[in-house]
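Generate coordinates for the entire structure from the input sequences, incorporating the hints supplied.
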Amino acid sequence: MPDKDYYLIRGDMLPEVFVKVIRAKELLAKGVAQSVNEAVKKVGLSRSSYYKYRDAIRPNFDMKSINLMTVVLIVENTPGLLAEIIHCLTDAQCNVLTINQTMPINGLVDITLSIETNPDHVEVPELMIRLGQIHGVRSHQILKRVN
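Just remember that the working numbering sits 5 ahead of the position in the sequence shown, which is counted from 1.
Calculated from the structure, these hints are not laboratory results. Bear in mind that the values here come from a model prediction, so they are computed numbers and not experimental data. Any given hint might turn out to be false.
[To be verified] Straight-line distance between alpha carbons at most 20 Å, and here's what the computed EDC-like set of lysine to aspartate or glutamate pairs gives: (1) K9 - D60; (2) K9 - E31; (3) K35 - D17; (4) K149 - E128; (5) K149 - E121; (6) K30 - D8; (7) K47 - E31; (8) K149 - E131; (9) K57 - E121.
Structure, rendered in structure tokens:
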């Protein structure tokens, strides 16, 4: 079987059928549509067109537009402290991707957070200051940052 060629094409240059296939796939992935039949009806596409092109097209994902970082915090084992940290992140319009919390040792807990930041709302240095000001956060640092 020969290798397949792939092309990156600007969305407004695509035939409408391809755009509708992508929209239908997004509706299914997000749970807005419960079935293929429901998804294709919502976007105005035939089922045969959906099945014909569904495996051949997908949206481009641009990692340059994403700001990811992993933050490690050492905090006191206090009820509600993790919720306060999450609240701080949501106030900064960050998207929490993963949370890992260790068992308390000597009254302290390690928390590792992977977050997507929104530099249009709060810059990373300001976010780190806000996290450090939460009562019960003993230390915090950026483990890794991708932007």
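Verification of the hints:
1. As the CA atoms of K9 and D60 are separated by approximately 13 Å, the hinted pair is consistent with the 20 Å bound.
2. At most 20 Å may separate the alpha-carbon atoms for a hinted pair to count; K9 and E31 exceed this at roughly 24 Å.
3. Using a Cα cut-off of 20 Å, the hinted pair K35 and D17 is violated, with the two alpha carbons roughly 23 Å apart.
4. Between K149 and E128 the CA atoms are separated by roughly 16 Å; this keeps the pair inside 20 Å, and the hint holds.
5. At roughly 12 Å between alpha-carbon atoms, K149 and E121 fall within 20 Å of each other, so this suggested pair holds.
6. Annotation: proposed proximity of K30 to D8 is violated, straight-line Cα distance about 25 Å (limit 20 Å).
7. Taking the CA atoms of K47 and E31, the gap is about 12 Å. The hint holds against a cut of 20 Å.
8. Among the hinted pairs, K149 with E131 is consistent with the structure: their alpha-carbon atoms are about 17 Å apart, no more than 20 Å.
9. The straight-line distance between the Cα atoms of K57 and E121 is roughly 35 Å, outside the 20 Å bound, and the hint therefore fails.
The structure shown violates the earlier hints numbered 2, 3, 6 and 9.
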